[in-house]
Amino acid sequence: MAGEARRIRGTRVALMAVGGVVASTLLAVSPASAAVSAGVGFTVPTAVAVGSTNLNASLTVNNQNNAPNQNESNTINEILFIPSCGSTFSNAANPCSSPDPGVFSISSTGTGAAGTACAGRTFNVSAHPATGGFLFTVVGAPVATAPPGGSAGSDRCTVNFTMNVLKTPSIDSQPGLVGIQTSVNLRAKVTSTSGLMPTPFVQQVITISRGFPTLTTQASPSVAVGGTIFDTATVAKPSPAAANPTGTVTFTVYGPDNASCTGTPVGQSQNPLAGNGTATSTAFAVSQPGIYRFVATYSGDANYVNTTSPCGAPGESVSVTPAPAQEAVADFDGNGTTDLSLFRASNGRWLVRNVLNTVFGVSTDIPVPADFTGDGRADLAVFRPSTGQWFVSGRPTTVWGLSTDIPVPGDYTGDGRADLAVFRPSTGQWFVQGAATVTLGASGDIPVPGDYNGDNRIDRAVFRPSTGQWLVQGMAPVVWGLSTDVPVPGDYTGDNRIDRAVFRPSTGQWFVQGLPIVTLGTSGDIPVPGDYNGDGRTDRAVYRPSTGIWMVQGMANTFWGGTASDIPLPLPYAIRRTIFMP
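Quick note on numbering that gives the first Met the number 0: the sequence shown kicks off at 0 and runs consecutively.
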C-alpha cells in the first residue's frame, strides 16, 4: 500500500486577501506521494504603484507530510520567487513561460522569521534569468522543517524580505481585468527524510499602477522688455531605482499680470524630457512689462501619471521690467542705436539720418524727443515755452510747465514710458506728471536726470558747476568735474546704470567716473554721447557745428548737418540750453 501511495499525485490551492496584502495559504503538491507533501505561500501587496519602495513581503515553505510519513522532516533545497510573469502559471517544471523581468527589485538577502524553523537564518537572493525571478538560498546548513504540528512553528520556514516597484509590466498577464496585472509565482523544492522530493507551487496576481513623479520648475530670471523668458521643468522619479521618466513637458506662459493663468496665453511650447528628466521651454520674447507666469504640464508615460504645476507655483513667475530708461536715446527707428539727428530751429524741421526728414513744431519750440509710448523708439516731441504745452507725435497736446521751466522728460515711474517733466530753476523743484513734486537743486544747477541706481527709473539729479558736485536723489553727493565742464551722463560701462561724466571743451577730454580719460573733440564742439554701435554702452561723440561733422569714438567721421544753429538731438536739451544757450 505504501508503494501505491507514493504513486498518487494531488493538488490543493487556496488564496485569501488580508489587510491589503495577498495572504497565500499553503499549496501542497507531491509528485512522489500524497503522503510526502509540502506547501508554499507568500504575502505581497495586492496593488502597488511604480516607485513604491521597501514593501514588506514574505514567503513560507511548510511541512505537510501525512500518514504514513507524518513523522518525517523536510529539507528546503531551493525557493524560487518570480514576482513578475506575463503569463498564468503552467506547471512546477515551467513556472513562467513568459518572463517579464525588471518590474520589481527585491532585497539582496532575506531573513528567517522568528518562531519558524529558519528563525534568524540568512538567505542570499540571486537572479534567476530563465524565469526572470529570484532564487533564495540559505547561508550555511540547510533548513529542515519538523513534521506537521511541530512546536512554535518548527514545521515551517518563513523568510522576510522587501520589494521595490521599478516600472509597469511590459506584459499584462490578465488583460481581461481593469489595470495592468502581473503574475507572482512561487516554487520550492523540498526533500523529505525518506528522500522523496515534492515541488509545491502557488500563484497570485498583483495590479501595478503608474507612479507619481515629482514635478519641480524654475522660470528664468527677471529681464527687461525686449528680452526673452523661459521655464525649466524637472520630472523626478519616486525612487532612485525606478524607471526614468520619459515623455514631454508642455510649457504655457501667461501675462503680463494674469494671476489666474486663464485666457489666451502669451506663448506655449512642447519640449521633450532629456535623459536627466529635465525639459526647457522655448524662449519667449516679451514686449510689455509685468509679471509673467508659467504653467508646466508633464505628459506622463507608461510608468508615470501626468502632472501639472499650479498657477503661481513658487519659482514660476518672471518679472519683466520696463526697458532700461537710457536705451532709447535719440533712437528713432528702434534698432537699438543712437541716430545722427538734428532739429532745425529756424523751421521746426527734424533731420534724422536714413530715417526721416519732417517738420514737427515751430521755431520757438524746444525739441524733447523721448520714448513716450514705450515701443523702444524716440518719438517726435516739442515743448512750447510760451504756453507750457507739450506736443508729442500721436498723442493729445498737454500743458505741463511754465515758460521758465527746463523740460526734462524721462521714465520716472518705471512703466517703460517717458513722462512729461520739467525742472524749475528758481525753486529747484521737479514736476513729473503722475508723480509727487520733488525739490532737488537750485538756480544755476544743470539738470542731469538718469537711472543712476539701475532700478529702471529715471532719478532726479543736477550738476552744480560752482562746486563740481553731482546731486542725485537718494544718493550721496559726488564731486566730479570743474565749473567749465559740460556734464555728459551716460551708461559708458554697459551695466544699465548712468555714470557721472563730463566733457572738458578746453582740452577735448572726457572724464567718466571709473574709466580712463579719453580725448575726443575740441573747443566749439558739442558733446553728443549715445550708443551709436548698439553694444549697450554710451559712446563718446561730438558734433562740430562749423562743419556738420559727427565724430564718434571708434567710428569713421560722418557728415550730417547743415546750419550752425542746428540742434544735435542726442544731447539732452536741458544740458545744451544751460551750457550753450545761456
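Please note that a few of the clues may not be correct.
As the list claims (entries may be wrong) - Label pairs and their in silico Cβ distance ranges:
{"hint": "1", "residue 1": "T74", "residue 2": "T277", "range": "31 to 41 Å"}
{"hint": "2", "residue 1": "Q468", "residue 2": "T279", "range": "42 to 52 Å"}
{"hint": "3", "residue 1": "T363", "residue 2": "G335", "range": "24 to 34 Å"}
Simulated from the structure, these hints should not be mistaken for laboratory data. Heads up, the beta-carbon is just placed ideally off N, CA and C, and yes, glycines get one too.
Do the hints match the structure? See the list:
{"no.": "1", "hint": "T74 <-> T277: 31 to 41 Å", "result": "54 Å, violated"}
{"no.": "2", "hint": "Q468 <-> T279: 42 to 52 Å", "result": "49 Å, holds"}
{"no.": "3", "hint": "T363 <-> G335: 24 to 34 Å", "result": "33 Å, holds"}
Against the hints set out earlier in the document, a violation occurs for number 1 only.
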